[in-house]
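Model the full assembly from the supplied sequences, consistent with the hints where possible.
Here is how the chains run, residue by residue.
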Amino acid sequence: MIVANGVILYKGDLPVKDQYDLVTGDFTYTEFRYDIAPGRFPGSTPVEDMVALQRRITG
Amino acid sequence: MPRLLPDGTPAIDVTTVPELDPETLQPMFDVVTEGEIESRMLMLFNFFWDPKASTLKDAQWCGEVRYVDLDWIDMNFPDFGPYVAAQGASRPGASSRRVCCLWSGQACPGRLITAVFSNSPTGRLDEVPGENPRSSCHAACT
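Chains L and R supply the protein sequences, listed in that same order.
The first sequence begins at 668 in our numbering and counts up by one.
The second sequence begins at 7 in our numbering and counts up by one.
I should point out that these hints are in silico values taken from the structure, not numbers from a laboratory.
DMTMM-like mimics (lysine to aspartate or glutamate), calculated; alpha carbons at most 20 Å apart, straight line: (1) L/Lys678 - R/Asp85; (2) R/Lys58 - R/Glu70; (3) L/Lys678 - R/Asp56; (4) L/Lys678 - R/Asp80; (5) L/Lys684 - R/Glu44; (6) L/Lys684 - R/Glu40; (7) R/Lys58 - L/Asp693; (8) L/Lys684 - R/Glu42; (9) R/Lys63 - L/Asp693; (10) R/Lys63 - L/Asp680; (11) L/Lys684 - R/Asp64; (12) L/Lys684 - R/Asp36; (13) R/Lys63 - L/Glu698; (14) L/Lys678 - R/Glu70; (15) L/Lys678 - L/Asp688; (16) R/Lys58 - L/Glu698; (17) R/Lys63 - L/Asp702; (18) R/Lys63 - L/Asp685.
Computed Cβ-Cβ distance ranges for the label pairs, DEER-style: (19) L/Pro705 - R/Thr39: 38 to 46 Å; (20) L/Thr697 - R/Asp13: 54 to 62 Å; (21) L/Tyr677 - R/Leu48: 16 to 24 Å; (22) R/Pro28 - L/Thr691: 21 to 29 Å; (23) R/Glu29 - L/Thr691: 19 to 27 Å; (24) L/Pro709 - R/Pro28: 46 to 54 Å.
Cβ atoms here follow ideal geometry from the backbone N, Cα and C, with glycine treated the same way.
Take a look at the structure:
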């Protein structure tokens, strides 16, 4: 479904289809995570691991 | 120069035998659609997903909210594009860009989420489980 400012532009199946022209039900999105964090869909970033080191450097 | 066996036959047979379709007896081939693969980075703050899912493969719905141009809407959705009202068009000097809520759902066939949309990119997105996969899907602006 695609909605723009309250107007439904498209309502139907997902656009991804297989070689037999059947809807697969797959999203067109793919997630890329640096590291897996339990309970957090986006995962974690390398910057999070650097926070403690940076605080130790800055004193 | 090809290598030959003592009797004069080629040492390596490089001829290929195409695989035939058992029904039509014609060579089988795969149809590969040509085209450029377009990938786009999404802002995580404009992306919404099933909070109960740990991966997108398990998610029943997901979607993104982003600004698009009026021309983009008219070009891709010629039937309903003209009905899209301008966001803030009543104000002088308002931008012609409209907010567009792109929503993808029904990852698992037969299971659908009734979604209530907000036309604000930072708005609230609610989720209500639907019963009928076909009739329970609706959208409303808040």
